[in-house]
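Residue-level listing of the chains:
Protein chains: 2
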Amino acid sequence: MEKIQIYDTTLRDGAQAEGISFSTEDKLDIASKLDLFGIDYIEGGWPSSNPKDSSFFDSAKNSRFTHAKLTAFGSTRRVGLACSNDPSIKSIAESGVKCASIFGKSWDFHVTDALRISLDENLEIVADSISFLKNRGMEVLFCAEHFFDGYLHSPDYALSVLEAAESAGADWLILCDTNGGTLPSAVEDITAIVVEQFRTTVGIHAHNDADLAVANTLAAVSAGASMVQGTINGIGERCGNANLCSIIPNLELKMGLKTNIPDLSQLTAISKFVSETANMTVGRKLPYVGTSAFAHKGGIHVSAVLKDSRTYEHIDPSIVGNERRILISELSGNSSLKAKLGELGIDLDDEDGKRILQRIKDMESQGYQFEGAEASFELLIRRMKDGLRPPFRVEGFRIFVDVTEANVSSEASIKVFDVSGMMEHTAANGNGPVNALDRAVRKALERFYPNLKDVKLVDYKVRVIDGKEATGAKVRVLMRNTDGFDSWTTIGVSTNVIEASLSALLDSLEYKLLKSKEATAN
Amino acid sequence: MEKIQIYDTTLRDGAQAEGISFSTEDKLDIASKLDLFGIDYIEGGWPSSNPKDSSFFDSAKNSRFTHAKLTAFGSTRRVGLACSNDPSIKSIAESGVKCASIFGKSWDFHVTDALRISLDENLEIVADSISFLKNRGMEVLFCAEHFFDGYLHSPDYALSVLEAAESAGADWLILCDTNGGTLPSAVEDITAIVVEQFRTTVGIHAHNDADLAVANTLAAVSAGASMVQGTINGIGERCGNANLCSIIPNLELKMGLKTNIPDLSQLTAISKFVSETANMTVGRKLPYVGTSAFAHKGGIHVSAVLKDSRTYEHIDPSIVGNERRILISELSGNSSLKAKLGELGIDLDDEDGKRILQRIKDMESQGYQFEGAEASFELLIRRMKDGLRPPFRVEGFRIFVDVTEANVSSEASIKVFDVSGMMEHTAANGNGPVNALDRAVRKALERFYPNLKDVKLVDYKVRVIDGKEATGAKVRVLMRNTDGFDSWTTIGVSTNVIEASLSALLDSLEYKLLKSKEATAN
Numbered sequence: 001m002e003k004i005q006i007y008d009t010t011l012r013d014g015a016q017a018e019g020i021s022f023s024t025e026d027k028l029d030i031a032s033k034l035d036l037f038g039i040d041y042i043e044g045g046w047p048s049s050n051p052k053d054s055s056f057f058d059s060a061k062n063s064r065f066t067h068a069k070l071t072a073f074g075s076t077r078r079v080g081l082a083c084s085n086d087p088s089i090k091s092i093a094e095s096g097v098k099c100a101s102i103f104g105k106s107w108d109f110h111v112t113d114a115l116r117i118s119l120d121e122n123l124e125i126v127a128d129s130i131s132f133l134k135n136r137g138m139e140v141l142f143c144a145e146h147f148f149d150g151y152l153h154s155p156d157y158a159l160s161v162l163e164a165a166e167s168a169g170a171d172w173l174i175l176c177d178t179n180g181g182t183l184p185s186a187v188e189d190i191t192a193i194v195v196e197q198f199r200t201t202v203g204i205h206a207h208n209d210a211d212l213a214v215a216n217t218l219a220a221v222s223a224g225a226s227m228v229q230g231t232i233n234g235i236g237e238r239c240g241n242a243n244l245c246s247i248i249p250n251l252e253l254k255m256g257l258k259t260n261i262p263d264l265s266q267l268t269a270i271s272k273f274v275s276e277t278a279n280m281t282v283g284r285k286l287p288y289v290g291t292s293a294f295a296h297k298g299g300i301h302v303s304a305v306l307k308d309s310r311t312y313e314h315i316d317p318s319i320v321g322n323e324r325r326i327l328i329s330e331l332s333g334n335s336s337l338k339a340k341l342g343e344l345g346i347d348l349d350d351e352d353g354k355r356i357l358q359r360i361k362d363m364e365s366q367g368y369q370f371e372g373a374e375a376s377f378e379l380l381i382r383r384m385k386d387g388l389r390p391p392f393r394v395e396g397f398r399i400f401v402d403v404t405e406a407n408v409s410s411e412a413s414i415k416v417f418d419v420s421g422m423m424e425h426t427a428a429n430g431n432g433p434v435n436a437l438d439r440a441v442r443k444a445l446e447r448f449y450p451n452l453k454d455v456k457l458v459d460y461k462v463r464v465i466d467g468k469e470a471t472g473a474k475v476r477v478l479m480r481n482t483d484g485f486d487s488w489t490t491i492g493v494s495t496n497v498i499e500a501s502l503s504a505l506l507d508s509l510e511y512k513l514l515k516s517k518e519a520t521a522n
Numbered sequence: 001m002e003k004i005q006i007y008d009t010t011l012r013d014g015a016q017a018e019g020i021s022f023s024t025e026d027k028l029d030i031a032s033k034l035d036l037f038g039i040d041y042i043e044g045g046w047p048s049s050n051p052k053d054s055s056f057f058d059s060a061k062n063s064r065f066t067h068a069k070l071t072a073f074g075s076t077r078r079v080g081l082a083c084s085n086d087p088s089i090k091s092i093a094e095s096g097v098k099c100a101s102i103f104g105k106s107w108d109f110h111v112t113d114a115l116r117i118s119l120d121e122n123l124e125i126v127a128d129s130i131s132f133l134k135n136r137g138m139e140v141l142f143c144a145e146h147f148f149d150g151y152l153h154s155p156d157y158a159l160s161v162l163e164a165a166e167s168a169g170a171d172w173l174i175l176c177d178t179n180g181g182t183l184p185s186a187v188e189d190i191t192a193i194v195v196e197q198f199r200t201t202v203g204i205h206a207h208n209d210a211d212l213a214v215a216n217t218l219a220a221v222s223a224g225a226s227m228v229q230g231t232i233n234g235i236g237e238r239c240g241n242a243n244l245c246s247i248i249p250n251l252e253l254k255m256g257l258k259t260n261i262p263d264l265s266q267l268t269a270i271s272k273f274v275s276e277t278a279n280m281t282v283g284r285k286l287p288y289v290g291t292s293a294f295a296h297k298g299g300i301h302v303s304a305v306l307k308d309s310r311t312y313e314h315i316d317p318s319i320v321g322n323e324r325r326i327l328i329s330e331l332s333g334n335s336s337l338k339a340k341l342g343e344l345g346i347d348l349d350d351e352d353g354k355r356i357l358q359r360i361k362d363m364e365s366q367g368y369q370f371e372g373a374e375a376s377f378e379l380l381i382r383r384m385k386d387g388l389r390p391p392f393r394v395e396g397f398r399i400f401v402d403v404t405e406a407n408v409s410s411e412a413s414i415k416v417f418d419v420s421g422m423m424e425h426t427a428a429n430g431n432g433p434v435n436a437l438d439r440a441v442r443k444a445l446e447r448f449y450p451n452l453k454d455v456k457l458v459d460y461k462v463r464v465i466d467g468k469e470a471t472g473a474k475v476r477v478l479m480r481n482t483d484g485f486d487s488w489t490t491i492g493v494s495t496n497v498i499e500a501s502l503s504a505l506l507d508s509l510e511y512k513l514l515k516s517k518e519a520t521a522n
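So the protein lines, in turn, are chains S and D.
Just so we're aligned, residue 1 is where the first sequence starts under the UniProt record's numbering, counting upward by one.
Just so we're aligned, residue 1 is where the second sequence starts under the UniProt record's numbering, counting upward by one.
There may be inaccurate statements among the hints.
Just so you know, same-sequence chains aren't split out, so a pair can sit in one copy or run between any two.
In silico SDA-like cross-links for lysine to any residue, where the CA-CA straight-line distance does not exceed 25 angstroms [claimed, not checked]: (1) Lys254 / Asp156; (2) Lys254 / Ala192; (3) Lys361 / Ser54; (4) Lys307 / Leu152; (5) Lys361 / Ser23; (6) Lys52 / Glu25; (7) Lys443 / Glu395; (8) Lys443 / Phe400; (9) Lys361 / Pro51; (10) Lys461 / Phe400; (11) Lys456 / Ser318.
Hint data in this document are derived by calculation from the structure and do not stem from the laboratory.
Modelling step: build the complete structure from the supplied sequences, incorporating the hints.
See below:
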């Protein structure tokens, strides 16, 4: 059986998403991960279009990929210009990569109304551009822009564009649903016609404007397409591109097809890596790879999934490197809480269970959300169940911020006691009040607990709980810390952002001390 | 042509999404909006399962819906219990609504391994539960849980469950892809078999675990299903339910089918209302209704879409109540910027264009993101182009926060000058430092500009720009203010959360004064 080729355009089409901006280093990092993951083609960008893409191709020349073919993207030559003088075609030929993706018009309305040239002239442009790059020894993918819309409008012309591309030596005919509005039935029927009529291999490039990009991609594969194009997490312009993190497991696990991905359990890690590199909020709901994809909240689902995971899970989450999570909320009964505590290795009799569940519900009604703050949750349980006490106590703090036209200063002072009653009264400056307080607390506590020096904040988020109250409302602070090995998230809630931050920070440090103590005891 | 019935389960399946928690008032508000929008069935919840759902049904008894049928959800009766003694069945019968959705097992493995009863006993349970509610005059939907998985495993048994439901008088047979893992081709084939074999009308309930919920829903409709179930924005457990905001326009605009929605242009407003009520971050990329759904960033797309919107838009955004947006970023050329400024009614010659574009790129590299802060963007342009100066100036401020075990206090003092050089030096307390500063600034400025009293903050968000620097990193503050008629968003960036907040606040107040002046001038 032939393997379906996977073509990633995260670095080009993905970079056109609202809010996404990759640096050259980001792009090199992502390309290297995609290569190791087993992606066949990595579209690096559009060499002539902006300095960032040009610098990426310059740097990528020195990168060695173990498997992937790095690909340069660009348009067919401009009207009235020879390929040898066309900046886009030239920059692809000179980009140092061996594979080119060239997009051209296949919808007659675009040729006559957007390009404003004759239909025949467009065929010449397509053929010229492909021949030029083929003559330089490159593998060439011809991307037929708006192919499905074009076919539905004028099937003969759309097919004649593919004929021109095939005659000029294109290695692939890529059918693009550029506007993302085509239905799967149409994609399947039209792809089948192309696969039937052409000897060149066919690929599919779908967008998600009608929420059908993954379905359209699978429909094209069913009809004989042997390359799928998309992006990690489905990032891309407007509603995004077809999501490779959904397509790859669907091909392998649902359709019984093969790809060159050696280890599908790296899928969740690749998704997270791209989200973090793009500094995006990770889509919790993302199929297969989202943190909610195998999270169970309703009481019935939780108790059933614990009996047999097939009851509410379509696949074993470990196959894609994800994991099951039991969520605690007002919809939870004691059985969910017991399961959650079981995950933490804590036994619980029914009386404790009721008391803890009530306390959680009370705190949630004050604005706490333990779903995203599992370290704070564990501390809460241990405090209530085992009488855990923090090994330090903050008696109070002061913040002073002074901003003039010439000067900005932020200072925090704090008093901290350790378990034996030893007091440390110290102060620190910072970039802002939260940073000053953070530095003061760490400065004080590191005297008592030197291993806290390894703890570094890696994420800090603030969200207003009730938007209607605006700056006077309660805020929820989430902090993620790491000690270089593990990372954990804590929560603080207050109307005062600084108090909420301190609360999350103290939980974080207490959690580290608890884990170090457990590690020493084992 | 028969109209496709739309069944919304936002208030029940949607409420099982991670991070979602609706109050009773939220649920009443959403139900009322869904009714006005033209939804046919609104599933309000599970009357017996938790106090919130019970209180919703109590309150909803007094609500009058113009079109929708409010529906109570629950399971078939428990094993060994008569319906008249079953808490779930009883609570549905007593909920005060005329329509019930009852779910039961149709996958033999669930019957034998989860329920641990005989296959025949399950058929009796299904028939009993439906008959009981039918005898009380209710319309009854039978939801066949895991129907597709069940059919693929044991087709005869899955169909026998539907036969039991039909014989007992069920008004609808709802085929559920409970685990969300079925492919559209299987959904289409199996639905066609059910539609062929049964005289009862058929509905589809799909989940998005394989990123195919919308496609599966459309596949079932193609095969003859006449009811679609889903949620607004696709919220729901794990990866979510089928998204009605995608399904409804696909049915109407792509498949040429009819629904009872009188005005599709309310779709975007319904999506936003549910997101805001749920206090969720609105999915920018959501098909049809997302803020990015018709946003254009790449230079070629922008210039083409301005020539003819069909080039890169699959539908006219106004049909679903959305709008086109031109995004400004490093990928933009002068043509995008001109188009954006055209939206603001500003002309721009090329020299100004280059200067402004350079300034925007510089600010973006410092962490500004104007995509979400259009009021700050307009002020920036007017300052650079028209020499706009703010009608007030803040010379400096001080913040003092004092937290002890007994007491928390936050105070801000500030000096503000108006255009004539008049100075106001004032101070205020607040719940936290940002709130104190906010109140001090407003107190000072309202003396000069009384119409600022109408301005209220409605949203305040803080995000760390570079997570690697944690509390020492730059933060981006976004504020949304309203004067009761319009609302607008501004941005501030600084390493100091208080300075960033002040910057966004001052932009917001300046923007209000600018708009009031323009309104007076016209």
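| query | Checking against the hints above, which ones are violated? | reply | Going through the list in order, the structure violates hint 11 alone and respects the others.
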